[in-house]
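Chain by chain, the residues:
Protein chains: 4
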Amino acid sequence: MYRIGGRLIFDLYGKSHGPCVGAVLEGFPAGMEVDFDLLNEEMSLRKPTGRIGTPRRESDTPEFKEGLTDGVTDGGNIRIEIANKDTDGSKYMKFYDTPRPGHADLPALLKFPNHDLRGSGQFSGRLTAAMVAAGALAKQYLSARGIEIQAYSKSIGDVRDVNVRDPEEIRGSRMFPTRACDAETDKRMRLCIEKAGAEGDSVGGVAECVITGLPISFGGIWFEALDAELAHSMFGIPACKGIEFGDGFALAGMNGSVSNDPYRYENGSIVTTTNHLGGIVGGMCDGSPVVFRVVFKATPSIGKCQDTVNLKTGKNDTVEVTGRHDPCIVPRAVAVVEAMAAITVMDQLLRE
Amino acid sequence: MYRIGGRLIFDLYGKSHGPCVGAVLEGFPAGMEVDFDLLNEEMSLRKPTGRIGTPRRESDTPEFKEGLTDGVTDGGNIRIEIANKDTDGSKYMKFYDTPRPGHADLPALLKFPNHDLRGSGQFSGRLTAAMVAAGALAKQYLSARGIEIQAYSKSIGDVRDVNVRDPEEIRGSRMFPTRACDAETDKRMRLCIEKAGAEGDSVGGVAECVITGLPISFGGIWFEALDAELAHSMFGIPACKGIEFGDGFALAGMNGSVSNDPYRYENGSIVTTTNHLGGIVGGMCDGSPVVFRVVFKATPSIGKCQDTVNLKTGKNDTVEVTGRHDPCIVPRAVAVVEAMAAITVMDQLLRE
Amino acid sequence: MYRIGGRLIFDLYGKSHGPCVGAVLEGFPAGMEVDFDLLNEEMSLRKPTGRIGTPRRESDTPEFKEGLTDGVTDGGNIRIEIANKDTDGSKYMKFYDTPRPGHADLPALLKFPNHDLRGSGQFSGRLTAAMVAAGALAKQYLSARGIEIQAYSKSIGDVRDVNVRDPEEIRGSRMFPTRACDAETDKRMRLCIEKAGAEGDSVGGVAECVITGLPISFGGIWFEALDAELAHSMFGIPACKGIEFGDGFALAGMNGSVSNDPYRYENGSIVTTTNHLGGIVGGMCDGSPVVFRVVFKATPSIGKCQDTVNLKTGKNDTVEVTGRHDPCIVPRAVAVVEAMAAITVMDQLLRE
Amino acid sequence: MYRIGGRLIFDLYGKSHGPCVGAVLEGFPAGMEVDFDLLNEEMSLRKPTGRIGTPRRESDTPEFKEGLTDGVTDGGNIRIEIANKDTDGSKYMKFYDTPRPGHADLPALLKFPNHDLRGSGQFSGRLTAAMVAAGALAKQYLSARGIEIQAYSKSIGDVRDVNVRDPEEIRGSRMFPTRACDAETDKRMRLCIEKAGAEGDSVGGVAECVITGLPISFGGIWFEALDAELAHSMFGIPACKGIEFGDGFALAGMNGSVSNDPYRYENGSIVTTTNHLGGIVGGMCDGSPVVFRVVFKATPSIGKCQDTVNLKTGKNDTVEVTGRHDPCIVPRAVAVVEAMAAITVMDQLLRE
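Here the protein sequences line up with chains D, S, R and U, keeping their order.
When you line the first sequence up against this note's numbering, it's residues 1 to 352, in that order.
When you line the second sequence up against this note's numbering, it's residues 1001 to 1352, in that order.
When you line the third sequence up against this note's numbering, it's residues 2001 to 2352, in that order.
When you line the fourth sequence up against this note's numbering, it's residues 3001 to 3352, in that order.
A few of these clues could be false.
[What the hints assert, rightly or not] So the derived label-pair ranges between C-beta atoms look like this: (1) Asp2088/R with Ser3269/U: 33 to 39 Å; (2) Ser269/D with Gly2146/R: 33 to 39 Å; (3) Arg3051/U with Gly2146/R: 45 to 51 Å.
If you are wondering where the hints come from, they were derived from the structure by calculation, not from laboratory data.
Quantities reported herein were computed from a predicted structural model and do not represent experimental measurements.
The beta-carbon is built from N, C-alpha and C at its ideal position, and this holds for glycine as well.
Throw the hints in and build the complete structure from the sequences for me.
And the structure:
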């Protein structure tokens, strides 16, 4: 299923080495004038940079195929398409025989008899460009209603940002290629990625996302819980292997007397004095910012020789990946996390 | 939304202090003779025991209101109902004024003008009894097809089981009240829970779940990915604050050359020689067992005095909880994790 | 699928000779005080009367199992249950061998290996009691917003009401057992039904439904069109064999210059001066009342000897039906048409 | 909602005067080699011909943007796009002020603030080209499984084909521009359409569709009934105002002893000896061919002067339509009926 959502339906399409990737937003209200500067900024944040991203270069210009009239959303489906231009399928042929470990290759080949492995076909991270484009519209819609969604690189490899970051600091991550919150961390993260890349290896990391401006009780019950739907959409991002809210897995070791966030009145509003629970109780907001982290594994496509099977010979074999790949996708994934969070929150907002 | 699923729809109903809780399974194939011994075993694993669970005592006998004819599924909707008998709403009245921190009380009161707070109303963990009953049917269905789902307590408070557990050991956790995998860990976990309870406090923990028997390529793409749907259903369980697959958050610090699980032929089948990725790549199974962990926060209802607001006076206040509550829900949640995993996997199986 | 709806989900359950039938409404807004007099009136309109309905007698008292707190909708799922008391399964055994022509018996037996034929099991018209109960709530909700839904018997057998009926006349049909709009037509329809019943036969008919108060543009596009969703829900009523809007099938023979309903201003509002199209263009309201008709076939269970097959002997055979059945279901179906129309319109209203 | 379906999701996009129209089929099984001759034949049957269709000329060549690898379905989403080339929006500007009676103009303008009226925007019958292209794939899939779907023009204006037509005769309608079943009827229908066109008027009609090869019990219960889902998808076709199965509205006047279709064994199979009920009982097939009729109203865009309102002046006004329009859409709609029936039946088949 390329689709998620209840009232705002988000639908992906395309593949890595086809003519384009794209997304449809169904249920987007009419009347919003699209801020193309914002859209382009979001798109550029997902683009690879320098030695810390893939050498594949795409202009990534979103074309609105429907849903806009004179730059304003017209209440119909919004369809955004992004052309694939810099494709090079020559390096993928061998993966039909020797599928890459840690990659969708093997199950995809078994599931789809005619699977197109080039650039990973419809499993390609390239479709996240369409996520970011659609997410930019959702972000703009939410921002006009006081809801802001900001993410940054919490850790990459062994470099971990141990500070608690406020929304303004997180916003500052937009000026750093690794999406770190300060220059020092950015430098350390860059070195970490470049080192992995130089060794023909790759490295994982964690993105943290903070959502502000949601009123107390925003969210839903049981399977419509805000955290449940955010978890679902985050796992829709390739390479995501986990999500945690607030103190997350550390909550296992905490007593309730510690992890319960106390309520207080502050200028007539109810606030919590701590935020161990990440702003969500019972699937609904409790007045704190919503805070969650998403872990991304290292990219599976690496230059090192790896053990795998050979589907043609039926024997054990090895594979080395020589195409163009990211040594770390976390810096680019930060923009995707923001986009999918925005789409999910906007979908819930339209259901309120 | 009390409902989840694509082809097998699972639908919850009821509330803590109403006449009953229940669940509907829509799309369950006809012809399966229900194993009532298995069903009762699952139900009993969710029941509170000794001093490590709530003193509320319910017989938790599932009644089949429809969907069975002579004990065999008849292809219609299966509706299972569980009566509420041991209810005592007397202790909940004060939470209308002073909502419990860390609890659904406050957002629920703001969201639903006539919200019934007794036992947390429709947010009650009591509805997980219906999850377990429905899950028992799904487990039986899957088991007949070679798919087994087993969970256990990975950690409770500061007690952590550091061993890698195989399915047989995990199955052994059924004989221990804490769902630990061995007697020694069980004893330590019990002490940890009893200590928290004695102090009027509560404690969190982690459940680990292992799914065996899924063929390579089982799962789906993008938002239908097996991990995405498991994440969604796990966050449907109250108190869940995070989920991770395989090495989970530790993958952030790993290189691809380590985390990629190599493929090998073994007796003609493809297997992986490690399982860092938890058996899932690209949303589909890679031949390893599926392994994930779910963290549950400490129960918010504790005897200690906590800061909160008073919605009637509009002033800051405190609250102490005196009803019947679990000092730790992890031992009981293990059965719920198995149940929801089974429902999710069976739903995907029916879509294959 | 026992379920329909986008934002207001309506879900049926139960069977004819089980303990009860029921319905769930998910997504019904909190805060409506239920008018039980209206609810009971709607229920009584679906009950069989005199010789024109089945002799099966049920009190049909809807019990609210959840969703009401002190008689007010509380924002949770509303579950309404109606007990089955006057069941008599003795007459159904022979249909396992000799399925009734014109009835769900044969396909149901082939589809569901353990199908319970008594009272037609889960296919029973008895579940329409739950439709009417749920529909009464939707009607009340709509009525408070100026939207009224009224239906009546347009024809029964060869008795056809040739008048154009306005909402007030249609409302008057509530005092006549056949749901005719005047005493004279009621008498003729009654005779028609009684004649069929006396001959051990049954007869069909047409219900017409008029919806007033919908604003211009109410509805949706393509498969969310108001007429598309009404058609879907009407065919969910047993025995429905067709639906037409406005002049319906007569539109085939009309020119556009006749069937196009002209717009005019009237007291500042836009109205149409004719209503050939039944108030809907492009799936949305055009300002006229929405008018549609639903045809119901004659009940298949008749006393006359009919040709059928014998599934046990594998030979041709005959069957006579001796249970309790309606000689005409149209008078009772009128209430069901109103109910399902109300549920569908309210669902669309919540999506606007 | 541009989307319909449970397991096979059909999703429309585009508008009349945008760059293209298109459709996505999600859930189409991998491995079917597309028969492009069949596809082109279906497309050509929807094209306007001579004086009985619009003068707008489009090549209507479906391009597969995704889902095919070397002409074979690859298990991914199938996206088919059809370019709009012969657009002329000059004649539509006045409808912003004086909306056409009988047309989506007025409600669409009120619903969507920036609605693009040219060619009716996203309400355009032009999107039915995408229905036909997608339907051609579903037809091929069904045909390989012995299921055939055939439709023809049952009536146009006052010309009515009174014969019962068998599948072979219906197939013959493909050689006649009006989709009549014989040359004589074709001629009379053509004259009827040309007469209306010459008068600046338009005319309606009825398409009849016959589905053969469905096994007894094919279909579903309640809102998943085969007739309920066919009704929903038929009302998704613009200008549809009614649907009836078997004897349809005539069943109102029939006794059960007549309308019940008796079962008999014939060469070991169960058949019905009559087909009053259109092959469906209880939402499932009874062994007879499924037969239904769909009525289409006359095209609203006519050259005659019509009364309407002027939204700019707020006064009554008139409008004459001078763009390119079909005097009768029934001959073209026949192909669309077949396509949508095929998509709906295939969707149900994948759910069986």
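Verification of the hints:
1. Taking 33 to 39 Å as the suggested C-beta distance range, the pair Asp2088/R and Ser3269/U conforms, at roughly 34 Å.
2. Checked against the given bound of 33 to 39 Å, the beta carbons of Ser269/D and Gly2146/R, roughly 37 Å apart, stay inside it.
3. For the pair Arg3051/U and Gly2146/R, the beta carbons lie near 47 Å from each other, so the given range of 45 to 51 Å is met.
This entry satisfies every hint, going by the numbered hints stated previously.
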